[in-house]
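The numbering of the sequence shown is my numbering, which starts it at 216 and goes up by one.
Each hint should be verified, as a subset may be incorrect.
Unchecked claim - Pair by pair, the computed Cβ-Cβ distance ranges are:
| no. | residue 1 | residue 2 | range |
| --- | --- | --- | --- |
| 1 | Thr475 | Ala452 | 17 to 25 Å |
| 2 | Asp597 | Ala463 | 41 to 49 Å |
| 3 | Leu576 | Ala485 | 33 to 41 Å |
| 4 | Pro640 | Asp597 | 17 to 25 Å |
| 5 | Ala664 | Arg595 | 28 to 36 Å |
| 6 | Thr475 | Glu1045 | 24 to 32 Å |
| 7 | Thr691 | Asn1029 | 31 to 39 Å |
| 8 | Gly414 | Ala478 | 56 to 64 Å |
As the list claims (entries may be wrong) - Straight-line C-alpha distance at most 16 Å; calculated EDC-like pairs for lysine to aspartate or glutamate:
| no. | residue 1 | residue 2 |
| --- | --- | --- |
| 9 | Lys269 | Asp226 |
| 10 | Lys444 | Asp460 |
| 11 | Lys632 | Glu681 |
| 12 | Lys854 | Asp865 |
| 13 | Lys740 | Asp705 |
| 14 | Lys581 | Asp540 |
| 15 | Lys740 | Glu764 |
| 16 | Lys269 | Glu223 |
| 17 | Lys269 | Asp319 |
| 18 | Lys269 | Asp240 |
| 19 | Lys580 | Asp540 |
| 20 | Lys1089 | Glu1045 |
None of these hints come from the bench; they were simulated from the model. Yeah, the Cβ is synthetic: ideal placement off N, Cα and C, and Gly gets one too.
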Amino acid sequence: MNLVHLAEEGDVDAVLRELAALTPDERAAQAEALEARRAALRAGWFHDVTEEGKAAQLAAEFGCRTDPADAAEWILRPENDRHAVRLPLDGVWVLDVVNLHPVDWRAELAAQLAERLIPGQGLRSDLVEHLVLDTGCPVPTTDGFIDNWLRWRDSTWTHPEHLRGGPRPGATFLERLRADELTPLLLPLVLERPGVHLGAGSFFHMLSRRGLAYIMEDTRLGVFITFSKEGLVDRAALVRRVFADLAAAGWGRDAAVALTQLALTPAEHAATTRERVALAEPLVAQLLQDGTRDETAPPLEYLRALALTPAESAPALRDHVALLDLSMPVAGYAQEVLIGLDEAGLLEPDVLTEMCERVLLRPEKKLVRAQLTRLDRAARKDPARAARTVLDAATALDHREVDLQERALAVIARHLKAAGDSVLPELRTAAARINPALAGRAAELLGTAPDRLTDQYADTLPAVPEPRPVPGPIGTAVEVAEELAAVVADDKDVVTFERVLDGLVRHAHLDRDALAQALKPVMRKEPRESIDVTQSDVYDVARALRGDEPRQRHFTYRHRFNHASPAGELLRARLTEALDIIEAGTQPFLLAVPTDATGALDATELVQRISVLDGLGITPAPVDLAQALLRVTPTADEKVLDAAGELASDAGQRLAQWLREGGLPHRDSAPEDDADSGRHPSELVKHIHPEPAPGPPLLPAAESLIGPHEDNCLHDPMVPFWLAQLPHHRELVLARDYFRYRASMRGWARALPFAAESGGPAGFALHTAVASTLAYDQQGERDAAVDALLVLAGRGRLDTGLLGRRLGDMLRANWVEANRVTASLRTAAETGAYATIWSVLEAALPLLLRDPVVRGTGALLALGIDCASRCAAKGEIPEVTTAAARTGSSQVVKNARLLRDVLG
């Protein structure tokens, strides 16, 4: 029976017996038939062929390779499992086939396999190792064999029992190599073979996840470093190899860990100057592009591990000066390098002055303190530098932080005598910009009279915005289409949406066909998908008007699967009703179009609109009327009230009653007890249910806007149209679950300036929203809160005491971060609102200074010093006085003393 038939039966033993009975030429003659059978099996080889079947086929094929080179090529084919640790039936048949050949043939097979092994590919060095021990042939020293040998020692794979050799017992790679007979021969060769991977892949992550011991005992490079310290490998060769690999491929953050553990000696450090400088150049160039912390951390760690000396860094001096203007980590590194150059006497005075100009006004206190410390130490060591030191330090007198101004003033005071009188004119000019709290001290030091505030201070607040009237109705169908495209692109603009919805109703009433034709181009771009109903859903009204098929997720379709917000429910009702109006062709325009950008509707205008409909004998659509009533501006003008009373229709009488009774009643949103109870600040807001609206009940969609609703109805952050639906009741909007569940959602804060411009009381809910948003993590959202604060202040609606108390409560409960609050309040103050922000801080500081003092209070005290000084605030705050009387030199104590003196 031939080998093909035996392979088909899956009889491995029979295949081996047949191979032993055949001559080499007879075996070779069957190779082609076996290859053909293998090709037919290839598609189902891994799933349909049994272990015995695979072993029989492979043994037969291998046995037909009678030339050692041909046999080695066959063994290392990918389809013959060269990468597999375990072969079919444990691969015992491989050795059985090999043993059919004489010793010289087997020795040649070992040499051919070793020559063909590729680093990182294949695992058949186990067979080579067996053949070496079995035949006594020389141990191969090819890159592929050495790499394969290391892979077997580096792993915990089970070595085939039928093969001689293999890894020795050991819990770690290091232990297994120590016990290995081949280590003395092969390990030194690795350092001279670039083809044998050494690498430090994943060192950075392994250091944090598995620890340093794992790196040093279970990775190739770590083991070589350990052996080099023990003298078991050539240390100089290892250093050369590491830097050669770094030059070829980098390693990123892993390089920093590797170099740290390599721990160059002073002699090695000096000997690798050329290599380290060459590696540093592209890293510095990368830093010049700046980036996020995650982007700049790898090159920074790598540079610090390279540890360039001042002399090595000197050629890149201008690059490091440029780095001072970039992000904090990058600037910090550049400062370290330049200070090192200065300490080594390699920095020209003019460059040091430029360095101070770039660093001393940066907002990061750590950088400023480090620069002032360097100036101080340099002048202490060399008094001849005193004059330039005090002038350089004077740059910091213009810093926004009073504690850094104070530190700079201390440096100047320490070295002024050595500097001499020649520096006084420049110092006096610089001191003119110092915080008023330090002006007296500076004047005494520099021999000038302190400036006195003679003019009454007044904040420079944003001008109270003029009413922003809504333009009249859209004039043509083409303009309606253009404005609709704008709403689809940006659905936040209330005025554009309202004019488009009214325009669709108006122009459909005038000439529906012409409008449909004008809208055709706009239908190509659908609005972005949303769960809630948004203003861009007016697109669906236009699509229905044209008779087009609805888009897949139109606003009525989404209603089947998702709850909308209360504001979204009213908007859905308005859009649905607009479709009904267009189809019926009864109402020529909408009543609820606002006359002001806030959503407010002038009472005179609404009276006029209802009068027109009365004259046409048209009853207003109910949802349109309900929204108009919620928007109409209350008035005490008797002429307007009389005109409304003269309207004969039900809608007219409803409006008249609404205006006479003052519209929707206001309710206080403040909780009965706002003491801190560990609850989120928004949970203290009373979810008010206002008194019933005057007259007959509003429609359900409007009632839900002002009545109870389910908590799970909110999918998207608040947007301006929510407030524009109730333009005189912003507290009602913000006291609802709108604030409670949207307070931390991205984008929520964007509507705050709109809330500040809206009407109605500005109470607990609005101030809580502003306080919370001042500490949001995104700068754009904090800026929105600052804008809202300034608008409220400009309109005289900001309760600074309430805002300060809310901030104090939130900071004490750790609901917000003090550094963000400080930054936001400083931004507001620097617009010219120092007195306003001082009033906020005046209310917050007593809460923050109670024991234990809230973390971050020192920075808020510094801001308070600045604000109180600039607006000439006076009056003791007992908690500040108590903090100032404490011993120590913490930022809180030092700033409390300064503030106490300012207020005294």
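Consistency of the hints with the structure:
One distance hint, 17 to 25 Å for the beta-carbon pair Thr475 and Ala452, holds here, with the actual separation near 20 Å. In this structure the hint that Asp597 and Ala463 lie 41 to 49 Å apart at CB holds, the actual value being about 45 Å. Checking the proposed 33 to 41 Å range against Leu576 and Ala485 shows it holds: the Cβ atoms sit about 38 Å from each other. For the hinted restraint 17 to 25 Å between Pro640 and Asp597, the CB-CB distance of approximately 24 Å keeps it satisfied.
Separated by about 31 Å at the C-beta atoms, Ala664 and Arg595 satisfy the suggested range of 28 to 36 Å. The hinted range of 24 to 32 Å is not satisfied by Thr475 and Glu1045, whose Cβ atoms lie roughly 43 Å apart. For the pair Thr691 and Asn1029, the supplied restraint of 31 to 39 Å is violated, since their beta-carbon distance comes to about 57 Å. Between Gly414 and Ala478 the C-beta distance comes to about 18 Å, which lies outside the given range of 56 to 64 Å.
With a CA separation close to 10 Å, the supplied pair Lys269 and Asp226 stays within the 16 Å bound. Only pairs whose Cα atoms come within 16 Å are accepted, and Lys444 paired with Asp460 is rejected, the gap being roughly 20 Å. A hinted pair counts as satisfied when its Cα atoms are at most 16 Å apart, and Lys632 with Glu681 does not qualify at roughly 58 Å. For the given pair, Lys854 sits about 20 Å from Asp865 by alpha-carbon distance, which is inconsistent with the 16 Å threshold.
Simply put, Lys740 and Asp705 have alpha-carbon atoms about 12 Å apart, close enough for the 16 Å limit, and the pair holds. For a cut-off of 16 Å, the pair hint linking Lys581 to Asp540 stands: about 15 Å separates their Cα positions. Distance hint between Lys740 and Glu764 is fulfilled; the C-alpha atoms sit about 14 Å from each other, no more than 16 Å. Restraint check: the Cα-Cα separation between Lys269 and Glu223 comes to about 9 Å, which is no more than 16 Å; the hinted pair holds.
Simply put, Lys269 and Asp319 have alpha-carbon atoms about 29 Å apart, too far for the 16 Å limit, and the pair is violated. Taking the CA atoms of Lys269 and Asp240, the gap is about 24 Å. The hint is violated against a cut of 16 Å. For the hint pairing Lys580 with Asp540, the CA-to-CA distance comes to about 15 Å; that is within 16 Å, so the pair holds. For a cut-off of 16 Å, the pair hint linking Lys1089 to Glu1045 is broken: about 20 Å separates their Cα positions.
Checked against the numbered hints above, the structure violates hints 6, 7, 8, 10, 11, 12, 17, 18 and 20; every other hint is satisfied.
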